[in-house]
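*Asks:* Sequence:
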Amino acid sequence: MPDSWEWVRLRNLGVITSGGTPKSSESTYYDGNITWITPADMGKQQNNKLFATSSKKITELGVQKSSAQLISKNSIVYSSRAPIGHINIVNYDFTTNQGCKSVTPILVNLDFMYWILQFRTKDIILRSSGTTFKEISASGFGDTLLPLPPLAEQKRIVAHIERALEQVEVYAESYNKLQELDRAFPDKLKKSILQYAMQGKLVAQDPNDEPVEVLLEMIRAEKQKLYEEGKLKKKDLAEIMVEKGDDNSPYGKIPRNWTLLSVKDIFSITTGLSYKKTDLAIIQRGVRIIRGGNIEPLAYKLLDNDYYIESKYITSESVYLKRNQLVTPVSSSLEHIGKFARIDKNYSDTVAGGFVFQLTPFISSDTLSNYLLLCLSSPLFYKQLQSVTKLSGQALYNIPKTKLNDLRIALAPEQEQERISNKVGQLFQKVNLL
Numbered sequence: 431m432p433d434s435w436e437w438v439r440l441r442n443l444g445v446i447t448s449g450g451t452p453k454s455s456e457s458t459y460y461d462g463n464i465t466w467i468t469p470a471d472m473g474k475q476q477n478n479k480l481f482a483t484s485s486k487k488i489t490e491l492g493v494q495k496s497s498a499q500l501i502s503k504n505s506i507v508y509s510s511r512a513p514i515g516h517i518n519i520v521n522y523d524f525t526t527n528q529g530c531k532s533v534t535p536i537l538v539n540l541d542f543m544y545w546i547l548q549f550r551t552k553d554i555i556l557r558s559s560g561t562t563f564k565e566i567s568a569s570g571f572g573d574t575l576l577p578l579p580p581l582a583e584q585k586r587i588v589a590h591i592e593r594a595l596e597q598v599e600v601y602a603e604s605y606n607k608l609q610e611l612d613r614a615f616p617d618k619l620k621k622s623i624l625q626y627a628m629q630g631k632l633v634a635q636d637p638n639d640e641p642v643e644v645l646l647e648m649i650r651a652e653k654q655k656l657y658e659e660g661k662l663k664k665k666d667l668a669e670i671m672v673e674k675g676d677d678n679s680p681y682g683k684i685p686r687n688w689t690l691l692s693v694k695d696i697f698s699i700t701t702g703l704s705y706k707k708t709d710l711a712i713i714q715r716g717v718r719i720i721r722g723g724n725i726e727p728l729a730y731k732l733l734d735n736d737y738y739i740e741s742k743y744i745t746s747e748s749v750y751l752k753r754n755q756l757v758t759p760v761s762s763s764l765e766h767i768g769k770f771a772r773i774d775k776n777y778s779d780t781v782a783g784g785f786v787f788q789l790t791p792f793i794s795s796d797t798l799s800n801y802l803l804l805c806l807s808s809p810l811f812y813k814q815l816q817s818v819t820k821l822s823g824q825a826l827y828n829i830p831k832t833k834l835n836d837l838r839i840a841l842a843p844e845q846e847q848e849r850i851s852n853k854v855g856q857l858f859q860k861v862n863l864l
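Here the sequence shown is numbered in my numbering, starting from 431 and rising by one per residue.
Because the hints were derived from the structure by calculation, they are not lab data.
Every value quoted in this text rests on a predicted model; they were computed, and no experiment measured them.
Each residue gets a CB set at the ideal place from its N, CA and C atoms; glycine is no exception.
Fair warning: there could be bad hints in the mix.
Cut-off 20 angstroms, straight-line C-alpha distance, at most; resulting in silico cross-link-like pairs (DMTMM-like, lysine to aspartate or glutamate) [said to hold, decoys possible]:
hint, residue 1, residue 2
1, Lys621, Glu610
2, Lys618, Glu726
3, Lys706, Glu747
4, Lys813, Asp617
5, Lys683, Glu673
6, Lys495, Asp523
7, Lys585, Glu596
8, Lys620, Glu848
9, Lys674, Glu647
10, Lys479, Asp523
11, Lys585, Asp433
12, Lys620, Glu726
13, Lys853, Asp636
14, Lys731, Glu765
15, Lys833, Glu673
16, Lys742, Asp709
17, Lys694, Asp666
18, Lys664, Glu652
19, Lys752, Asp736
20, Lys674, Glu643
21, Lys479, Glu599
Ranges of calculated distance between the beta carbons of each label pair, as one might list FRET restraints [said to hold, decoys possible]:
hint, residue 1, residue 2, range
22, Asn606, Leu656, 50 to 56 angstroms
23, Lys655, Arg715, 36 to 42 angstroms
24, Asn606, Asn442, 39 to 45 angstroms
25, Val600, Asn521, 22 to 28 angstroms
26, Lys631, Ala602, 36 to 42 angstroms
27, His590, Asn521, 19 to 25 angstroms
28, Asp774, Leu608, 33 to 39 angstroms
29, Lys707, Arg593, 57 to 63 angstroms
30, Leu619, Arg593, 35 to 41 angstroms
31, Ser679, Met648, 37 to 43 angstroms
The whole structure should be built from the sequences, with the hints applied where relevant.
*Replies:* And the structure:
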């Protein structure tokens, strides 16, 4: 230590004050205008040097009738138990509970004492005692040895520390931004992959692929069959309107052997089961109901807190989850709108809830539904979806079914759909390793 410095006990550098708690059952002691600091209050404010405000305030009578003492402004408050070591400067008059010790410096730079007490906290903890929790007594706190330089040097040390901290804060901000970029990068990369895929840029086109018109004809035939069976309304039997992409389409220019068509041309959209909360099963038995919270981007999950209902309340078989359906929330916060998942098997014990859209392809094909999942999860479709989403109430957004039906899908030939799905799967696996 430099010759001009001295080891000095804390009690010789300021006035140490302990705290106290007014009787909690006496209402006249509380809700006053005197700040009353506790270690819990301090714990929430350790990112700041200055103490801002306490959760409770007491009255002058509360101070008089307890061991709490009024401490003058420009003092240091230090938590002496549960835990030891929280520290702040308080620039107004205040009191504390018995979990704090306060120091009002005498001829010592206030900021220097703030920093040097942090430096000596390890020593203070080593000298603490207690079984339930460690505590440093007022006398033990006063015994703390501090290295004390001349006053002018104290000020220079504080200036150096605070300049260095400014650089640390700049570095921390840059580091946090980098961490956020790292977290966001895989998701952004996946979105870019999906965008390329839905513009026909991810895999090569093969002139030997079966034309997409063959798939369209199969869809037309299936819709006609459903109409004849009474499962499809005449208005839904309208001719499929196809078009080729151009610069003005949601997908830009697409390969010549692709086509654009509407959601309603390829899906039948229904909502799930409407139910009363009073109808729900008390125990997890019966038929499971999946809701918006079960749906993640490109996947769904069954949860421990899922709702269940007795099968007698299910009046339509259409609400059961079926293989190759896509599901998406009808209503959600804006950030969660546009999550689509593919159902990978037929369920006899799980239905969609009333705020979930079930998109059932007219052609039940693993290849087609996997491809459609990627298409509807792409940024190009999401942008369309956002444009028709409506705010409902203060925080929830709704997707109108009629608007969803009219959004555009880029449809590739079936063989290319499979190549795209395989390539996306391979690339996503690599992204997940980043």
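*Asks:* The structure should be examined with respect to each hint, and the outcome stated for every one.
*Replies:* Quick rundown of the hints versus the structure:
1. Lys621 with Glu610: Holds: Lys621 and Glu610 sit about 17 angstroms apart, inside 20 angstroms.
2. Lys618 with Glu726: holds (16 angstroms)
3. Lys706 with Glu747: holds (18 angstroms)
4. Lys813 with Asp617: Given pair Lys813, Asp617 holds - Cα atoms ~16 angstroms apart, limit 20 angstroms.
5. Lys683 with Glu673: holds (11 angstroms)
6. Lys495 with Asp523: holds (18 angstroms)
7. Lys585 with Glu596: This hinted pair holds, its Cα atoms lying about 17 angstroms apart.
8. Lys620 with Glu848: Within the cut-off at roughly 18 angstroms; holds.
9. Lys674 with Glu647: Roughly 17 angstroms between the alpha carbons, so the hint for Lys674 and Glu647 holds.
10. Lys479 with Asp523: OK: Lys479 and Asp523 at ~16 angstroms, within 20 angstroms.
11. Lys585 with Asp433: Cα-Cα ~18 angstroms, so holds.
12. Lys620 with Glu726: Holds. Lys620 to Glu726 sits at ~14 angstroms (cutoff 20 angstroms).
13. Lys853 with Asp636: holds (15 angstroms)
14. Lys731 with Glu765: Holds, at roughly 19 angstroms.
15. Lys833 with Glu673: Satisfied, since the Cα-Cα distance of roughly 19 angstroms is no more than 20 angstroms.
16. Lys742 with Asp709: The hint holds at about 10 angstroms.
17. Lys694 with Asp666: Holds, at roughly 8 angstroms.
18. Lys664 with Glu652: Given pair Lys664, Glu652 holds - Cα atoms ~13 angstroms apart, limit 20 angstroms.
19. Lys752 with Asp736: holds (18 angstroms)
20. Lys674 with Glu643: With a Cα-Cα distance of about 12 angstroms, the restraint between Lys674 and Glu643 holds, given a limit of 20 angstroms.
21. Lys479 with Glu599: At roughly 14 angstroms apart (the allowed maximum being 20 angstroms), Glu599 and Lys479 satisfy the hint.
22. Asn606 with Leu656: 50 to 56 angstroms: holds (54 angstroms)
23. Lys655 with Arg715: 36 to 42 angstroms: Holds - the Cβ-Cβ distance for Lys655 and Arg715, about 38 angstroms, lies within 36 to 42 angstroms.
24. Asn606 with Asn442: 39 to 45 angstroms: holds (42 angstroms)
25. Val600 with Asn521: 22 to 28 angstroms: holds (26 angstroms)
26. Lys631 with Ala602: 36 to 42 angstroms: For Lys631 and Ala602 the Cβ distance comes to about 40 angstroms; the hint holds.
27. His590 with Asn521: 19 to 25 angstroms: Cβ of His590 to Cβ of Asn521: about 22 angstroms, so the range 19 to 25 angstroms holds.
28. Asp774 with Leu608: 33 to 39 angstroms: holds (37 angstroms)
29. Lys707 with Arg593: 57 to 63 angstroms: For Arg593 against Lys707, whose Cβ atoms are near 60 angstroms apart, the range 57 to 63 angstroms holds.
30. Leu619 with Arg593: 35 to 41 angstroms: Roughly 39 angstroms apart at Cβ, these two residues keep to the hinted range, so it holds.
31. Ser679 with Met648: 37 to 43 angstroms: Because 24 angstroms falls outside the window, the suggested range is violated.
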